[in-house]
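Residue numbers (this note's numbering), protein chains in the order written: chain U, 96 to 432; chain F, 96 to 432.
Hints are supplied without guarantee of correctness; some may be wrong.
Repeated chains share a single entry, so a pair holds when one copy, or any two copies, can fit it.
[To be verified] Straight-line distance between alpha carbons at most 25 Å, and here's what the computed DMTMM-like set of lysine to aspartate or glutamate pairs gives: (1) Lys271 to Glu339; (2) Lys166 to Asp192; (3) Lys369 to Asp427; (4) Lys271 to Asp190; (5) Lys374 to Asp232; (6) Lys271 to Glu415; (7) Lys271 to Glu186.
Source of the hints: derived by calculation from the structure; they are not laboratory data.
2 protein chains.
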Amino acid sequence: MNIVITGGAGFLGVLLARTLLKNGSLALNGAAPAAITTVTLVDRAQPPADLMADARVHAVVGDLNDLLTAKQALPAGTDLVFHLAAAVSAECEADFDLGMRSNFGATHQLLEACRAQTAAGKQPALVFASSLAVFGDSPQQPLPAVITDTTLPTPQGSYGIQKFIGEQMVTDYARKGFVKGRSVRLMTVSVRPGKPNGAASGFLSGMIREPLANLRAQIPVPASTPVALASPARTIEGILRAAEVSDAAWGARTAVNLPALRTTVGDMAAALEKVAGSKATALLDWQIDAATERLVGSWPSTVDAARARSMGLQPDTSFEDIVRGYIAGNPDAVTLK
Amino acid sequence: MNIVITGGAGFLGVLLARTLLKNGSLALNGAAPAAITTVTLVDRAQPPADLMADARVHAVVGDLNDLLTAKQALPAGTDLVFHLAAAVSAECEADFDLGMRSNFGATHQLLEACRAQTAAGKQPALVFASSLAVFGDSPQQPLPAVITDTTLPTPQGSYGIQKFIGEQMVTDYARKGFVKGRSVRLMTVSVRPGKPNGAASGFLSGMIREPLANLRAQIPVPASTPVALASPARTIEGILRAAEVSDAAWGARTAVNLPALRTTVGDMAAALEKVAGSKATALLDWQIDAATERLVGSWPSTVDAARARSMGLQPDTSFEDIVRGYIAGNPDAVTLK
Numbered sequence: 096m097n098i099v100i101t102g103g104a105g106f107l108g109v110l111l112a113r114t115l116l117k118n119g120s121l122a123l124n125g126a127a128p129a130a131i132t133t134v135t136l137v138d139r140a141q142p143p144a145d146l147m148a149d150a151r152v153h154a155v156v157g158d159l160n161d162l163l164t165a166k167q168a169l170p171a172g173t174d175l176v177f178h179l180a181a182a183v184s185a186e187c188e189a190d191f192d193l194g195m196r197s198n199f200g201a202t203h204q205l206l207e208a209c210r211a212q213t214a215a216g217k218q219p220a221l222v223f224a225s226s227l228a229v230f231g232d233s234p235q236q237p238l239p240a241v242i243t244d245t246t247l248p249t250p251q252g253s254y255g256i257q258k259f260i261g262e263q264m265v266t267d268y269a270r271k272g273f274v275k276g277r278s279v280r281l282m283t284v285s286v287r288p289g290k291p292n293g294a295a296s297g298f299l300s301g302m303i304r305e306p307l308a309n310l311r312a313q314i315p316v317p318a319s320t321p322v323a324l325a326s327p328a329r330t331i332e333g334i335l336r337a338a339e340v341s342d343a344a345w346g347a348r349t350a351v352n353l354p355a356l357r358t359t360v361g362d363m364a365a366a367l368e369k370v371a372g373s374k375a376t377a378l379l380d381w382q383i384d385a386a387t388e389r390l391v392g393s394w395p396s397t398v399d400a401a402r403a404r405s406m407g408l409q410p411d412t413s414f415e416d417i418v419r420g421y422i423a424g425n426p427d428a429v430t431l432k
Numbered sequence: 096m097n098i099v100i101t102g103g104a105g106f107l108g109v110l111l112a113r114t115l116l117k118n119g120s121l122a123l124n125g126a127a128p129a130a131i132t133t134v135t136l137v138d139r140a141q142p143p144a145d146l147m148a149d150a151r152v153h154a155v156v157g158d159l160n161d162l163l164t165a166k167q168a169l170p171a172g173t174d175l176v177f178h179l180a181a182a183v184s185a186e187c188e189a190d191f192d193l194g195m196r197s198n199f200g201a202t203h204q205l206l207e208a209c210r211a212q213t214a215a216g217k218q219p220a221l222v223f224a225s226s227l228a229v230f231g232d233s234p235q236q237p238l239p240a241v242i243t244d245t246t247l248p249t250p251q252g253s254y255g256i257q258k259f260i261g262e263q264m265v266t267d268y269a270r271k272g273f274v275k276g277r278s279v280r281l282m283t284v285s286v287r288p289g290k291p292n293g294a295a296s297g298f299l300s301g302m303i304r305e306p307l308a309n310l311r312a313q314i315p316v317p318a319s320t321p322v323a324l325a326s327p328a329r330t331i332e333g334i335l336r337a338a339e340v341s342d343a344a345w346g347a348r349t350a351v352n353l354p355a356l357r358t359t360v361g362d363m364a365a366a367l368e369k370v371a372g373s374k375a376t377a378l379l380d381w382q383i384d385a386a387t388e389r390l391v392g393s394w395p396s397t398v399d400a401a402r403a404r405s406m407g408l409q410p411d412t413s414f415e416d417i418v419r420g421y422i423a424g425n426p427d428a429v430t431l432k
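Isolated chain U (complex conformation):
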């Protein structure tokens, strides 16, 4: 089986690639497990050395839109594409054209590339990483208390709109038989290792990651702000399940909400203190940023992920466990307690 990951050198792409290579096989769409022959990582950046050392890994480095235009992003004979590449939420608010190019344009071109492979005789599968950010609260249209798989998305940011448009395209390209396409809506992933990115939700990782590296971190929203989170492990599990389940188990062609742990930013800080001590939380600077508060505050916090549950997916059980999992997986993390 030949797998392509767009955004393959990003945090989730690398984690997904490592998981796939470790598993060695994948049961696609309810079929028997098949050995993974190649994993092609398409990204602006070079993948890390451990991945490049694996003979199954190929890197295609460049701008995704340019690579798609040059017909270099999707190798012939691709069985499965995980489309993770995206411009993130705060970037898209700051630069509308960047978001339309990266989130709308590249997704459209990628679907066309899949369609061309189907026309050439072999229909690829595609898992599209959509986002919780398709949901947005506004005074004119308040979100319901609980988000379900059939709640009408009313995005309050360009990132959410572009992801929702991507879902619609995946649905119709799938209905037409141009690709076997499925969309999963990722919750906010915490704790992300590595460097801060341009996501408005970035502080939800930074507020744990930075103190555990003995660095200060800013929290730009009030402690009472509710959030819907998933650990990296649960997120990868959800992305993989979207490729694995049968059509019957998947059900409708619309996007599936992944499970979320509902917590608040204040409770996240309390969990950090419980695990890593008050010297860790003393590194947190609570300093409201209006734009971030508006965008993050528009996202829902309570998600009933019924379809994901029917596929055996569960949310994380506690944020304390997420923090402990992050420390266990990141030997450099320092607890100051």
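Use these hints to put chain F onto chain U, whose structure you have.
This is chain F only, laid out in the frame that chain U set:
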């Protein structure tokens, strides 16, 4: 006030232009009525002679995408655009690329043209004609019994998907301040005069129009098929209202369902017989077409148009009245009774 109508030589475009010219003024967005200075009709076809005889009317004839690329579709100083141009439902199912070009691509380019005018100093308003076809019934995701303004659209055709994507773009371009954009979802318009077009719903006009011209007409769905209709007059009223009401009266940035008369194809035939006699209904050929039955059968029939109602819009009261209205407005119609 300078008004542009895309699809301005089509049936609805012509009717809208005649209405605007007769009214002479328009109260845009809750403001005082302003005199209509120009009405620019953008269409592949030349507008009819009565419109061209009006000194306020300008025609821009050509392919909308090409005109937009050449920056010729939107005159400088445009105050209001009615975007009616579209590839219709059966065309989009038969030719996916045509639909993406006409319904997605042209709408995107038109929004960019509006954005450029805003950047140049004057923000235009835009009313986007979306469609009932954004809603679609499927075994995996049955439609609720009653459609509301917050029902999740799950289009079962490319036309519906492309219209729904158009709504999302209008919403985000409006949120960003690039255009004052609003989307209204048109119900199936019946009775359309003129020639049959490529819409899967075309027979819902043809089954009245053709017998009233002493011609045979095919009905490709069972008599029990429920449908949601609006007369041309109610449809134009809804499109105009979307331009007229204030932001407060409009409410949320998502699309507004226009009101619909719920009836069945069998009851439509009965209304024809009551008004025009059994010689008219003897001209109907009931002959199922599977593709049309699938697409038309996936559309909803019962719409609770609460937002439209709050703007004073009401559905037609009976299909008999619609048939009588068609005969009154079309002197060539023959009743064989």
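Each hint, compared with the structure:
In the homo-oligomer, the alpha carbons of lysine 271 and glutamate 339 lie at most 25 Å apart inside one protomer (21 Å), although the nearest pairing across protomers, at 39 Å, exceeds that limit. When the C-alpha separation of lysine 166 and aspartate 192 is checked against a cutoff of 25 Å, the pair qualifies both within a copy, at 22 Å, and between copies, at 19 Å. In this assembly of identical chains, the alpha carbons of lysine 369 and aspartate 427 lie at most 25 Å apart only when taken from the same copy (19 Å versus 83 Å across copies). Only between protomers do lysine 271 and aspartate 190 lie at most 25 Å apart by alpha-carbon distance; the minimum there is 11 Å, versus 33 Å within a single protomer.
In this homomeric assembly, lysine 374 and aspartate 232 never come within 25 Å of each other (Cα to Cα): the closest approach is 35 Å inside a single copy and 56 Å across copies. In the homo-oligomer, the alpha carbons of lysine 271 and glutamate 415 never lie at most 25 Å apart, since the shortest distance is 45 Å inside one protomer and 39 Å across protomers. For a Cα distance limit of 25 Å, the shortest separation of lysine 271 from glutamate 186 across copies, 14 Å, qualifies, whereas the shortest one inside one copy, 32 Å, does not.
Hint violations for this structure: numbers 5 and 6, all remaining hints satisfied.
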